[in-house]
Amino acid sequence: MKHNKITHGVIYIILCTVGILFLFPFLWMILGSFKTSVEIFDLSVLIPKVWRWENFIEAFLYQPFARQYLNSIYIALFVSFGTLSVGALAGYAFARMNFPGRSILFIFILSGLMIPVEAAIIPNFFLMSRLNLINTHIPLIIIPIFGARGAIGTFIMRQHFLSLPKEFEESARLDGLGRFGMFVRIMLPLATPAISSVVILSSFYSWNNFLEPLVYINDIKLFTLPLALNNFTTSYGLPMWNVQLAATTLSVVPILILFIAAQQLVTQSMTMSGVKG
Amino acid sequence: MGTQMSNLDRQDRLLGYIFISPQVIGYLIFVLYPLIAIMVFSLQDYNLLSGVREWIGFENYQTMFSENSLFLKTLKNSLVFTAGLVPLNVILALFLANLLTKPIKGVTAFRVLVFAPVITSAVAWAIVWKFMLDGENGIINQLLALVNITGPNWLRSPTWAMVSIIVVRVLKNVGLNVVLFTAALMSVPPQFAESASIDGANSRQVFFRITLPQIMPSVMMVLIVTLIGSLKVFDHIMVLTAGGPGNSTMVLVYYIYYQAFQFSEPGSASGGAVVLFLVALFLTLLQWNFRKRMSYQET
Amino acid sequence: MRILKGLLICVFLFSAVFFTFANGSQESSGETAENEPVKLRFTVWSGNPDHLATLNGIADSYREDHPNVEIAFDTIPFSEYVTKLTLQLSGSNPPDGGWLLETSAPTFIDSGVLAEVGSHIKSIEEYDYADFSDPAMELWKQGDGLYGIPFSTSPFVMFYNEDLFRQAGVPTPPEAIENGNWTWENFAESARAIKEETGKYAFQTFNGAGYDARLFHTIVPILRAYGVDMWNEEGELQLSTPEADEALSLYHAMIFDDKTVEPPGTQADFFIGDAATTISQISRVPKLSDADFEWDIAPLPAGPAGRPWVIGQAAFAVFRASKHPEVAKDFLAHLTNKENVAKLAQFFPPARVSVIESKAFVEANPGLTSDQMEIVQQGIKNGTVLPSHVNFPKISMEARGAFDSLWQADADVKATLKDINKQLKPLVETD
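Residue numbers (the numbering used here), protein chains in the order written: chain A, 1 to 277; chain B, 278 to 576; chain C, 577 to 1007.
One chain only, chain A, in its complex shape (with noise of 0.2 Å):
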């Protein structure tokens, strides 16, 4: 193909319309959190007068959500080493170990899959309730790790472990290891590239998650970020909007650096769960 200054100038042209359309919004965000909600609305105000860090400081103080956003942060950790533990634990069993039933249990596992979480989310909620569990942030970390989602993380571990050569399970048997040890001592280090795929797939999971926590949560200082965002309008009183974009911002703004920062592996483990389901 002949890449001359006409098509390569074609192409950027359309991909800054097109980035514009992507980039816009995450602009209009950052701007508006530091404008007053008057001015969010203005187009011709587009860089703000005055630049009101109040903006945020007001966001913490309208619900707890330093509390909510440690929420969130807590949460996703639990899922993620949960979603990993579990999951390393059954991919390892299934890529090795032989045990009756192995493909058959697996299928089963895998078609845990197909279901999706929303169509489970009313037993699951009886079933907290009879529990006693509403209002309490443990159906948002174990429904995510023994449910329907949990099973990816399996799924990955497995695909790994099965890549693995049989030799290095051979020299630490004869090193006198026994199962557990040959999957702590020396599969699991050998699994880093799937432990990070199945880590950042959790934790945005739970991260993003908005039905469940909307389900299981009333009481506010409990509220996961998703909840705290969508609740910060008022009905009636001063408008929040900037303030709601503030705390928008502030939730969306590190994620995205983090996924800036390590871009590889973030795509590649999205991608990998795109294709795999």
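Hint data in this document are derived by calculation from the structure and do not stem from the laboratory.
Owing to the predicted nature of the structure, the values given are computational and were not obtained by experimental measurement.
Glycine included, C-beta positions come from ideal geometry on N, C-alpha and C.
One should not assume that every hint holds.
Derived pair list, reagent style DMTMM-like, types lysine to aspartate or glutamate, alpha-carbon separation capped at 20 Å [what the hints assert, rightly or not]: (1) A:166 <-> B:286; (2) C:994 <-> B:344; (3) B:350 <-> C:974; (4) C:835 <-> B:413; (5) C:970 <-> B:331; (6) C:970 <-> B:336.
According to the in silico footprint, chain A covers these stretches of chain B (three or more CB under 8 Å from chain A) [to be verified]: (7) 301-307; (8) 393-400; (9) 455-465; (10) 530-539; (11) 543-554.
The following residues of chain C were derived to be distant from chain B, with all beta-carbon distances above 10 Å [unchecked claim]: (12) 739; (13) 764; (14) 790; (15) 859.
With the hints as your guide, set chains B and C onto chain A.
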């Protein structure tokens, strides 16, 4: 050697079950039980307030599929949503991926930009768009006003609300498909395209006649995965329109949530959940079928 | 294969176990030993700090005589109060009691989730049950039992911003009443002037939620002024009547043609001076304590059918699922005794006749003048409650979506009302 192997095998029998037990037990409780439960609930009339549950057979389904029912409207909306989103998403992704394979400077920056919405939370993305699409003061309408067009009240008009949601969601998720297509395009050997262009084909012909057929398996995969994903839309609906106006954006998952948690009808909500499950099941089986075929092709 | 069979058996056992336990709310025996520490939880929909302070004060006074009882008031936002309460009652940690709206009284009473409180309170000597006005108690009785005690029988009144009316040069509601001109039609005209002269909306829907959670609260005053209600005494929906058409056409024109009412999605808060009027109840008066404009209250505008008086009623109820129903009932009695009713009366016009008619009542409310309290008294005397229905929670949810098609600028009001009528009919006209 022999005894060592069988020792390990014996160990494995027990250990294997132990290793998989967390996953399997969790599956039983949080996946299998709910599955059976929604089927059971859908055959009952469950009055949340009085706690009375009566077996009513297929009555819930009869109401759901009766004329003018909310559920039929939901199905129609879901269909419209998917039919609007999937082609738009896939075509846009193909287009962008193709552009981004050209060796131009700053490609990585664009790639990052296109992928950025994918990793932001749907709620955050929807909140920002909610402001931008505001009928009176939103920036979209203000920009349109500059060229003398009066934009509609995007999120409150029964016709435009669905369109808005589709566009917002496409912009959010297209990045993922762009990456998938980029990978597919990169794996296409360049000789065919080159020889075609030497033979005088222009770039459009090359793309449609040469490149596209070669990445067809990926395209089909992406189509199905996007389709399945479109079934699960909830966050955008909740934040942007809450199913309105007039239930014109009520889609499957939102229907389940609304019926169970706002209308207090877990029975008919479960009926919706069963339908969602069946549709997802069908599409996922299709997807797996395709994947098998793809891997045959690769070998 | 054996494994598969084994698994399937496990699954069935599992399901059996879960389903036997997954039956609705169970009743507790309700026996509480004396001096056993008890924690009660009451749900309310007000987040207003003044309201909560008073309620907590009453809880403290109960504690003086019953030191083992701790009472907490939980706020659930109004727009989701009934649904969230329903969910809580179906769970394993239900509240012990809470507020209930008149509109869903039949729903809750019929479903059997309310504990009968009449026998307990009538057994208390100083309670003076006869003090409660009969019409107020109507809704909460079923057969011989009493299932709720109204704490608020609060008429809807029109709050207005005197400054904005003066600025627009139009007569204020009291002046209009004197001239016999306080009707919706005249109000619509004044509204146009107000919008033009001051740029502010002339009318804010009830609590600013007139297009969703407070739909009924907003349109019932207008409907009644024109002679109809949402449904009549026989339970027939009245939305496709010519009266409803006339009433809502006027209202629709105000929103979309005159633009004097805040449209869906817009905020225009009367209580901070952004709208000239709103329909509300006196429990909102504390929000005006910092107001920098002159305000007052007036009766609702009249229509061809006369002047409507609409009452919103709320009651305290005890839930059968409570783990300590007897203690809860006792606290209920304390909440609604003469002394405490007088305390709550500053926000919530009481159902106790002795309190309504006392001078103390008229003077109790620091935020209202005695003239204003007289309007309230008038409302209580002449008014009728909002329509209630055994299916109300579902009707109100469905109505929000159904009415969306009415709140479009180009809606054909008559045809749309017909459609809405059709849509709501199966829920309203059940037998």
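Hint by hint, here is what the structure shows:
1. For the hint linking residue 166 of chain A to residue 286 of chain B, the alpha-carbon distance of about 15 Å falls within 20 Å, and the restraint holds.
2. The hinted pair formed by residue 994 of chain C and residue 344 of chain B meets the criterion: a straight-line CA distance of about 17 Å does not exceed 20 Å.
3. The straight-line distance between the Cα atoms of residue 350 of chain B and residue 974 of chain C is roughly 14 Å, inside the 20 Å bound, and the hint therefore holds.
4. Using a Cα cut-off of 20 Å, the hinted pair residue 835 of chain C and residue 413 of chain B holds, with the two alpha carbons roughly 13 Å apart.
5. Distance hint between residue 970 of chain C and residue 331 of chain B is fulfilled; the C-alpha atoms sit about 19 Å from each other, no more than 20 Å.
6. About 18 Å separates the Cα atoms of residue 970 of chain C and residue 336 of chain B, which keeps this hinted pair within 20 Å; it holds.
7. Only residues whose beta carbon comes within less than 8 Å of a beta carbon in chain A count, and the region 301-307 of chain B has 6; three or more means the coverage holds.
8. With 8 residues having a beta carbon nearer than 8 Å to a beta carbon of chain A, the region 393-400 of chain B meets the requirement of three or more and the stated coverage holds.
9. Counting residues of the region 455-465 of chain B whose CB lies closer than 8 Å to any CB of chain A gives 3, which reaches the minimum of 3, so the coverage claim holds.
10. Counting residues of the region 530-539 of chain B whose CB lies closer than 8 Å to any CB of chain A gives 5, so the stated coverage by that chain holds, three being the minimum.
11. Check result for the region 543-554 of chain B against chain A: holds, 7 residues qualifying (beta carbon to beta carbon below 8 Å, three or more required).
12. Non-interface status of residue 739 of chain C relative to chain B is upheld: no Cβ of that chain comes within 10 Å, the nearest being about 25 Å off.
13. Every Cβ of chain B is farther than 10 Å from the Cβ of residue 764 of chain C; the closest lies at roughly 22 Å, confirming the non-interface assignment.
14. No Cβ of chain B comes within 10 Å of the Cβ of residue 790 of chain C; the nearest lies about 16 Å off, and the non-interface call holds.
15. The Cβ of residue 859 of chain C lies farther than 10 Å from every Cβ of chain B, with a closest approach of about 26 Å, so its non-interface assignment holds.
Of the numbered hints listed earlier, not one is contradicted by the structure.
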